[in-house]
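Now for the letters of each chain:
Number of protein chains: 2
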Amino acid sequence: MSSVAPYHDLPESLLRMGPTARSQLTNLMCLPSCRSYLARLVGHRPLEVGSFGIVSGDAGGTPAPSLGFHARMTRVVDLTHVLDPDFPTYSGETQLRYQALASVERDGWNYGEWTLHEHTGTHLDAPLHRCAGRSAEALPAASLVGPLVLIDIRTRAAKDPDAMVSADDLRQWEVSHGPIPGGAIVAMNSGWSAHARTQRYRGADKDGTLHFPGFHVEAVEFLRSTRNVSGIAVDTLSLDPGVSTDFPAHTRWLGSGGWGLECVANLDQLPPAGAMVVVGSPKLAGASGGPSRVFAFV
Amino acid sequence: MSSVAPYHDLPESLLRMGPTARSQLTNLMCLPSCRSYLARLVGHRPLEVGSFGIVSGDAGGTPAPSLGFHARMTRVVDLTHVLDPDFPTYSGETQLRYQALASVERDGWNYGEWTLHEHTGTHLDAPLHRCAGRSAEALPAASLVGPLVLIDIRTRAAKDPDAMVSADDLRQWEVSHGPIPGGAIVAMNSGWSAHARTQRYRGADKDGTLHFPGFHVEAVEFLRSTRNVSGIAVDTLSLDPGVSTDFPAHTRWLGSGGWGLECVANLDQLPPAGAMVVVGSPKLAGASGGPSRVFAFV
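Respectively, the protein sequence lines represent chains Z and R.
Positions 1 to 298 (the working numbering) are the ones given, in order, by the first sequence.
Positions 1 to 298 (the working numbering) are the ones given, in order, by the second sequence.
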C-alpha cells in the first residue's frame, strides 16, 4: 500500500483526470462485454479482469484474481421463486409441509418447523445427488460465485417444450461474448419461469410424460471437457429435459463434480453476459442439495 | 452508451493513463476505507460510491447508486456454520432431523427430507419472528445485500460472557471508519463462533441460565433511530445476550421491521469496514426465518 495517494487528494485528483480518462475507466470497469472482449484478446484461458493488474495491482505484489464484481453494479435480481407447498415438483407430489410451533399472540414468538424434500423450489443439485461426490456443504464457497453465461432458447422452447441447450448454443454465445469465463455459471433461459404456477411447468401429457426444456448431454460434455465452469442452471424442474428417462445431463455433470440449480427465476431480467451470480445454497451436512437463495448482480 | 470508446482502443488507452492516474483509480475503487472516507466528506447521509458519478455516471444520465461491490474484491468468506443435528440450539433440543429417501446404489439418486426448526444453525430472524411484520420471503432482496460494519467486542467478551454491543461501541466504530453507511449490516464479533462445538456456545450455568454476548437494546435503539441499517448479526445464539429474559433487542429491532442473523461464523476473517455481505436467506412463504447461506466479499 506504499504507493497509495493520501485520501484527501482522491476525489479532486480523479476529477482532474478529465472526461476521456474517466470514460475509459468507466468502460473498463463496467461494460458487460468488457471481460469477454479482454478474454478474446488473451485467448481461451480463464480470465479475471483483476489479472490485468490495472484494477487490482498493488505495486510490486502479485495481484489475486478479482471475483468479477464491478463497482458499478447497481441492481440485485432475485433468481429465487417463493417456495410454498403448491410450488410444482418433478414428482408431482407435495414436497413441503409447514407447521407453526408458536405464535406471537400466544407465546411472544412466531416460529415453525419445515418438513422438506431437498429437491424442492429453486434448489441446488449437489454432485452427491447422482453419484458418490460432494454433498451440499462440501462445495467450495468460491465455486458458488461466478459470472453468468445466459443461454437464451426462449424462441425455440416456445415452439417445442422438449427443446434443449445444445453445444452449438454455447459456441454461438462465445461468438458474441467471447470464451465462457473461468468459474462461470451457465444458465438456460427457456422462458419456463413464467409457467411456474401453471400445468405447463411440468408439462405432463396424457401418458404422464413431462415436457419442459433442459440441457442436451452434448452441451454438458462441451462444458465439462473444454471449459472451466462451476455450475449449470435451468429455469425448469430438471437439468435434463422433461422427456428424458436416463438423465444423461445429470449423470455427466453431477457425476464429474459439477453442481446444478433447478427452478431458477427471473433470468429474463439479466443480460446474456456481465452479471455475477451468488448461490446461497444450504450448508446442511450430507445434503444432496436443497432450497437455495440465488441472486444476480448487474 | 454513446460516449463509449471503441472496444479495441480500451487496454492501450488505459495503459496510456500513466501510473499516477491508474494508482488514483485503484485507490478510488478498492481501498476498504474509501467509502468511509468519502462518507466523512459528505456528512451523515447514506453514501454510495456510485453517487459520485465518476464510477457509475453515464454521460447525461442520473447514476443509480452502486451496491458497493468493488472490482478489486478477491476473496469470499463463508459466514455460515455447517448445519447438522448436533449444532447447538437456543433451547438445547435437537432441531434438525435428516431422513434419506433414496440412494444412488439402490435408486440411482441420493435425496432426503429435512425436518427442521426454522431457528437453527446460521439463520435469519425475520421481523415476523417477534411481531406481525414481514416474513422471510417478503424481505426486499436489496436489503439482504450491504456493507458490513463489524463491531469487535472479543476482548471484553473473553472476560465476561454477558458482554454486550453498546451504543458507545457503534460510535467508536464511526470515529475510526466514518458514519455507518446506509443499508449496512452491523455484526457483533464476540469470538463466540470458535465455541460453536463446545458447551460454552450456550454457556448454560447450573441453573440453566445461558451466558453468551448479544446486542444491548440501546445499541439497537441507536441504529434504529439515527442510522439507516438493514440488518444486525451476531456470532451467538441470540440477538439478545444469553442472560436476557425479556429480549428487548429482538423486540425493538424485529418489531420495527429489521431483520437479524444469528450463529454467524468466521467474522474474524473480515476487516472492521469495507466488506460486502450477501444474505442467502430462505424464500419460504410465511417463514419467521430459517437457515441461511451468508457470504462476505473482500
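Some hints could be false.
Derived, one-sided and incomplete: chain R residues facing chain Z with beta-carbon distance under 8 angstroms [unchecked claim]: (1) L83; (2) Y90; (3) L116; (4) C131; (5) V175; (6) G208; (7) T209; (8) F222; (9) R224.
Selected chain R positions facing chain Z (in silico; Cβ < 10 angstroms) [claimed, not checked]: (10) R75; (11) V82; (12) Y111; (13) E113; (14) V145; (15) M276; (16) G280.
Derived from the structure by calculation, the hints contain no laboratory data.
Heads up, the beta-carbon is just placed ideally off N, CA and C, and yes, glycines get one too.
Comparing the hints with the structure gives:
A distance limit of 8 angstroms between C-beta atoms decides the matter here; for L83 (chain R) the minimum to chain Z is near 5 angstroms, and the interface restraint holds. Interface restraint check: Y90 (chain R) against chain Z, minimum CB-CB distance 10 angstroms, threshold 8 angstroms, status violated. Because the beta carbon of L116 (chain R) sits about 5 angstroms from the nearest beta carbon in chain Z, less than 8 angstroms, this interface hint is met. A distance limit of 8 angstroms between C-beta atoms decides the matter here; for C131 (chain R) the minimum to chain Z is near 6 angstroms, and the interface restraint holds.
Look at V175 (chain R): its Cβ only gets to about 16 angstroms from chain Z, farther than 8 angstroms, so that hint breaks. Because the smallest distance between the Cβ of G208 (chain R) and any Cβ of chain Z comes to about 19 angstroms, over 8 angstroms, the interface hint for this residue is violated. Proximity of T209 (chain R) to chain Z is violated relative to the hint, the smallest CB-CB distance being about 18 angstroms (cut-off 8 angstroms). Against a cut-off of 8 angstroms between C-beta atoms, the interface hint on F222 (chain R) is violated, since the closest Cβ of chain Z lies about 24 angstroms away.
At its closest, the beta carbon of R224 (chain R) sits 19 angstroms from a beta carbon of chain Z; the interface hint therefore is violated under the 8 angstroms criterion. Against a cut-off of 10 angstroms between C-beta atoms, the interface hint on R75 (chain R) holds, since the closest Cβ of chain Z lies about 7 angstroms away. The criterion of a C-beta within 10 angstroms of any C-beta in chain Z is met by V82 (chain R), whose closest approach is roughly 5 angstroms, and the hint holds. Contact between Y111 (chain R) and chain Z, as hinted, is supported at the beta carbon level, the nearest pair being about 5 angstroms apart and thus within 10 angstroms.
Annotation: E113 (chain R) was flagged as interfacial toward chain Z, and the flag holds, the nearest CB pair being 5 angstroms apart, inside 10 angstroms. Restraint check, V145 (chain R) versus chain Z: the minimum CB separation of about 6 angstroms is within 10 angstroms; hint holds. Interface hint at M276 (chain R): satisfied, since its Cβ lies 8 angstroms from the closest Cβ of chain Z, which is below the 10 angstroms cut-off. With 10 angstroms as the threshold, the beta carbon of G280 (chain R) comes within range of chain Z, its nearest partner Cβ sitting at about 2 angstroms, so the hint holds.
Hint violations for this structure: numbers 2, 5, 6, 7, 8 and 9, all remaining hints satisfied.
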